[in-house]
Amino acid sequence: MSSGMPDIPAPLTNLKTQYTKIFINNEWHASVSGKKFAVINPATEEVICHVEEGDKEDVDKAVKAARQAFQIGSPWRTMDASERGQLLYKLADLMERDRLLLATMEAMNGGKLFTNAYLMDLGACIKTLRYYAGWADKIQGRTIPADGNIFTYTRHEPIGVCGQIIPWNFPLVMLIWKIGTALSCGNTVVVKPAEQTPLTALHVASLIKEAGFPPGVVNIVPGYGPTAGAAISSHMDVDKVAFTGSTEVGKLIKEAAGKSNLKRVTLELGGKSPCIVFADADLDSAVECAHQGLFYHQGQCCSAATRLFVEESIYDEFVRRSVERAKKYVLGNPLTPGVNQGPQIDKEQHNKILDLIESGKKEGAKLECGGGPWGNKGYFIQPTVFSNVTDDMRIAKEEIFGPVQQIMKFKSLDDLIKRANNTHYGLAAGIFTKDLDKAITVSSALQAGSVWVNCYLMGAVQSPFGGFKMSGNGREMGEYGLHEYTEVKTVTIKISQKNS
Amino acid sequence: MATTNGAVENGQPDKKLPALPRPIRNLEVKFTKIFINNEWHESKSGKKFATYNPSTLEKICDVEEGDKPDVDKAVEAAQAAFQRGSAWRQLDALSRGRLLHQLADLVERDRTTLATLETMDTGKPFLHAFFIDLEGCIKTLRYFAGWADKIQGKTIPTDDNVVCFTRHEPIGVCGAITPWNFPLLMLVWKLAPALCCGNTVVLKPAEQTPLTALHLGSLIKEVGFPPGVVNIVPGFGPTVGAAISSHPQIHKIAFTGSTEVGKLVKEAASRSNLKRVTLELGGKNPCIVCADADLDLAVECAHQGVFFNQGQCCTAASRVFVEEQIYAEFVRRSVEYAKKRPVGDPFDVRTEQGPQIDQKQFDKILELIESGKKEGAKLECGGSAMEDRGLFITPTVFSEVTDNMRIAKEEIFGPVQPILKFKNIEEVIRRANSTDYGLTAAVFTKNLDKALKLASALESGTVWINCYNAIYAQAPFGGFKMSGNGRELGEYALAEYTEVKTVTIKLGDKNP
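Protein chains in written order, with the numbering used here: chain A, -9 to 490; chain B, 4 to 515.
Next comes chain B alone, as it looks inside the complex:
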């Protein structure tokens, strides 16, 4: 898995493989309330909602259901924590970093609990939650911990007898709405830079997957962040999400989810108070395999690239373009891989694919699979739900896919791999870019010039060459066009959580 931060590629010659971690049996869910001011609250309305295990289809527990009044309360707390002179505003930047670093340590301490919760709530394989989601959380928290006291303004040589400098200030109260595919990881991607830059936050985790966010709330309190710095309000999009997007006292919002909802968020942000907006949305990501590629590598990367996380990744390699000469062989090997993919209980160490998140997604994916069959793509394997078992779908491969088919244009978000043919580079560049999306792209080739040419030409926020899902805390991630606005991760993320103030002091005497 490329997302193990290069460890797999570079090899760790002296490291012995440790024993596999085990999930916690009969885990008791401790945190199910709304988190405001480091305290646990019931919803103002008294309502609760259920969260389900998509693998067993059973209810895990009930969670307090927030709505606008709860968001108002959270924003009030976040505002108070952000006042000039508050504990949070007066803290040395280095100490902010220290708190984030210590939060990383607690996430590491509770890694098994969090991975178990994440698997229960999302259906993702436990080992993936443990080694990928949780690894990403810990590394991202540590990365941004290091930035806190390195966020620097400039002194600037302007014209005239003045002294001019910039302050890189926190924006204020930041709202964050996070998705259900990588619940904790996507939350940390927002929380870490927001806190690093000195903001306070009001978070809404996805209604399908609120549990790890709430456990994180308990760790925030344990580490010692001042009350009101982080507030978590579980609930639904049209209520809590809309309240956050429109709130006049929230000055920035970050959303990860579908392009459709992303547009609504940006609209609401504009209509209310022009709050700053960052969006991480969908993708229909081209994966281009040239004839000179290392074929085994390309097949494996393309396979994991589309099937990882049950196909539920914004980065899914959902348009595989394969050069004519190697097309048949590529399809043959891909089908072999797909047929071998172990689907089943996410707590089983052999499982690579669990259930889809819910009935709505399940139905949408099956509908798109049917469209593929109807519109003339060749079904190579899979193509239906697994027996009569809940939300599981057989890994599906379509070949002879053409650009006008729905499976080549719409984001599927399921275990479905469409493989298309191309003849030459200029053609594939044009076709790869013919989409309103632009999140990621991948290129498989050994040729230097081809690699660099494609890297420049593809309209994507991230281009992977001879790898897939190589995402690191240090490197920016985000979309061109309608795949998003702004960047997360890396130094670039800081700009999204900073408000620049220019200070100009008139002097009597000029000294350059």
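Excised from the complex, chain A in its bound form:
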């Protein structure tokens, strides 16, 4: 993260939540059951508002609307591809217009630092929309020199109705990653935002309507996983489901998809990403990148650098600098200027992280700093560093999703690669070295979807992101993201004589 921060406005005070209903066909609906659920501010534990709670019946309604909007001959299907792109550009402009409101809401609901929400999250959303707006009229099939007297071509068609289940760690960014690609390819969507963080998704719904997307193209059903999420995964009329969240739930979704109608599945799941620091690395840079790579957004990133492997000869100095760095946090309400660490998202996460910290202590890791909760309100945890961590400890194997850094030692390269790959996860990895050969060889050997060299978490909209092994299926972002939202049709026309 660069330190030269541009001037940003202060967060809005007295933000009123305008949109709290289910969004179907560009209209706002109460839940079929009449139920609502509370949305909490994790810094204060206070209720922000109540939102309509969607369940299977609401999902059915949404899917019907999405299916209707996808019919051959519909406004969405007959629209010029370039016009689809124009709508996405318009949405980007509207998010830019409402940037302050969305950043305030995201920070408040998600426990996210306001400066990050404003600069990073909203910046990423706007860029992603503009990136995929540009792809809309460039999704090209092929004409193919197949054998025989035939003329063959492919159409890269939209898949159809796509269910998209969004997590709570980057509510807006993850929403836009999904709808940006899906809409660029011409699909219609039914989105379930995380129950912890539905508010910004619903505001974006109002912008979808304002931008001029036809009714039914985007539908948003807030609710819970076991109800609304499960209904989407099992729905016989949903053609594809995309999920970002835990590996545990990802498995359930893929199972449900297989059991129902073989809907296509993409998953972005957890990670236990190794970050490798060689003795020849620029030490200051490595310490800072590894630090940010773990502690960003209170450790709640699927690609967090949660297994730091440091070469023996620089290990002690690396630990010393990392601990110093971890002590520089001011915890508090993420909307308050000067605060640079917010709360964890909810009680469940809070408990899980504390439990893993205790296991670290119990299993013999050395607690360098932190190690417990903070404050008497809100789900805060002190930034925590463990050294002398060994591969068999729970903190070295399980995804923590909190501000807890594990620093391990390595000697030989072969051994290191084996240890780094010794996990069912495979989302990301970092390498710090000045040596050309080492950088290329090690990045080839690591079983990770994204490998960063001398940097970390440099997520670019143009580059694909996704997991090896149980960190996921498929890729998001970049050109590769389009494949997951496209269904290929081959058309073969018999002709009297083919000529090359």
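Note that these hints are calculated values from the structure, not bench results. Quantities reported herein were computed from a predicted structural model and do not represent experimental measurements. Ideal Cβ positions, reconstructed from N, Cα and C, are used throughout, including at glycine. Hints may contain errors.
To be clear about the criterion: a stretch of chain B counts as covered by chain A if any three or more of its residues have a C-beta under 8 angstroms from a C-beta of chain A, and this derived list gives those stretches [to be verified]:
{"#": "1", "stretch": "147 to 158"}
{"#": "2", "stretch": "328 to 339"}
{"#": "3", "stretch": "454 to 465"}
Derived DMTMM-like pairs: lysine to aspartate or glutamate, alpha-carbon spacing no greater than 20 angstroms straight-line [unchecked claim]:
{"#": "4", "chain 1": "A", "residue 1": "K488", "chain 2": "B", "residue 2": "D452"}
{"#": "5", "chain 1": "A", "residue 1": "K488", "chain 2": "B", "residue 2": "E462"}
{"#": "6", "chain 1": "A", "residue 1": "K428", "chain 2": "B", "residue 2": "D163"}
{"#": "7", "chain 1": "A", "residue 1": "K80", "chain 2": "B", "residue 2": "E138"}
{"#": "8", "chain 1": "B", "residue 1": "K509", "chain 2": "A", "residue 2": "D45"}
{"#": "9", "chain 1": "A", "residue 1": "K80", "chain 2": "B", "residue 2": "D452"}
{"#": "10", "chain 1": "A", "residue 1": "K117", "chain 2": "B", "residue 2": "E462"}
{"#": "11", "chain 1": "A", "residue 1": "K484", "chain 2": "B", "residue 2": "D452"}
{"#": "12", "chain 1": "A", "residue 1": "K128", "chain 2": "B", "residue 2": "E138"}
{"#": "13", "chain 1": "B", "residue 1": "K157", "chain 2": "A", "residue 2": "E469"}
{"#": "14", "chain 1": "B", "residue 1": "K509", "chain 2": "A", "residue 2": "D425"}
Got chain A sorted already, so can you dock chain B onto it with the hints?
Structure of chain B alone, referenced to chain A:
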């Protein structure tokens, strides 16, 4: 008009027709100087040249006349802007795209001004300039804006213990020489992909029509392109055009114009520094109407196909081949259309045809019309200038045209429709291909196999089936044979503005 991007064909059921735009009365021409480094310069020689309104034959204004020293200055600026470490080279690709997108927005903002200027300078009907030329400019800029951060090289599994990848780099300073028939549109067709790929440019608009290019220069500056990225030098072919074609520091040139001049450009490019060359040249485009065609559609498309823009299109349907059985009826209906074609003041909303661009073109067209009469074609209507009014020519239809006549072989570039007869498909394929040109072709038939057969057999860069002038930013456009080299528009255009670098890194250890 097929060039409204499918809107006419697909129908826009809920869209109400907006009120027709009106041109700006007494438009003051603000930009008449040479544009270098985002600044306005006088010519080194002090010379100026006049630009005329072909409709009124009056001078619009004087414009600075560039020559070799001005081109040298422009190239210097473009080179500096292209240096490693420059603002332009360091910009995220996404930001390059953003600038192009914002340029599109400004062109849209100034749409009426630009359409008015274009009409004044070219004589084309104002509504055509507004709805076709300007629409094409805006859409093309937006299309290429979207490509900027999607120009991707490859990582390649070669033999041996190496890592191999390609970088798709900009070529460098690109020269562009643009014509007078679609001045702004042809300029944008070059500017958009060039900038999208990260190049810098030195442009020479046609001497007959420099005004919209210069207004665009002001928008380039307003949007915030770094100085030197775009430079515009108005002037003449033998001076400015030749200087660009031969310049040792220009690494690519794109030219749209006549085949005759295109050959000179390619020669000069080769002789100087082997600069890369793309050419969009003339055409003698066959329009084949089969007996089973939708006759009304075919007549209308063939008519617009040849008469649009006063016949001044490289894509003009200037050899209409009609199957014997429907020949007489086709001719009859075509003559009816031609006689009804409204010719007059390009600012009048009813006008479909304005004046020809200048005296030279006017004389050439009339000469070819005379040759038609002399060589035995049947003059069905028109055939002369309109009264004594300047540069206007009556819409002219010739029937009983045969392949050996000059009007069947030479590009006319005027409102003259030669209609020829054919008996069978193999014959018409042979005759359609008997030309050194190969830009476009059109086929009218309802039969699937016939359509696909003709599409494969015709030696043309674009084949239209049951439509005409269906040109889109997303689809490549360019000529076979002597109608050109290379393609503009679509993803294919990127290859013309990119230089591929292969990087191969030797490793100690191989890991596939």
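(request) Please work out if B:K157 and A:E469 have their alpha carbons no farther apart than 20 angstroms. (result) holds, 13 angstroms
(message) Given the hinted pair A:K128 and B:E138, is their Cα-Cα distance within 20 angstroms?
(response) With a Cα-Cα distance of about 19 angstroms, the restraint between A:K128 and B:E138 holds, given a limit of 20 angstroms.
(message) With the threshold set at 20 angstroms, check whether the alpha-carbon distance from B:K509 to A:D425 stays at or below it.
(response) holds, 13 angstroms
(message) Need the status of pair A:K80, B:E138: alpha-carbon distance at most 20 angstroms?
(response) Distance of about 18 angstroms is within 20 angstroms: holds.
(request) Tell me if chain A covers the stretch 147 to 158 of chain B under the three-residue, 8 angstroms CB rule, please? (result) holds (count 7)
(message) Next pair to validate is A:K488 with B:D452; report whether the Cα-Cα distance is within 20 angstroms.
(response) holds, 11 angstroms
(message) Three residues or more, CB to CB closer than 8 angstroms: is that satisfied between the stretch 328 to 339 of chain B and chain A?
(response) Violated: only 0 residues of the stretch 328 to 339 of chain B have a Cβ under 8 angstroms from chain A.
(request) Assess, step by step, whether the Cα of B:K509 is no farther than 20 angstroms from the Cα of A:D45, and give holds or violated. (result) violated, 58 angstroms
(request) Confirm or reject the coverage of the stretch 454 to 465 of chain B by chain A under the rule of 3 or more residues with a beta carbon closer than 8 angstroms to the chain's beta carbons. (result) holds (count 4)
(message) Check whether the Cα positions of A:K428 and B:D163 lie no farther apart than 20 angstroms.
(response) holds, 18 angstroms
(message) Run the distance test for A:K484 versus B:D452: straight-line Cα separation, threshold 20 angstroms.
(response) holds, 8 angstroms
(request) Decide if the proposed pair is consistent with the structure: A:K117 and B:E462, CA atoms, cutoff 20 angstroms inclusive. (result) violated, 43 angstroms
The structure fails hints 2, 8, 9, 10 (numbered hints given earlier, in ascending order).
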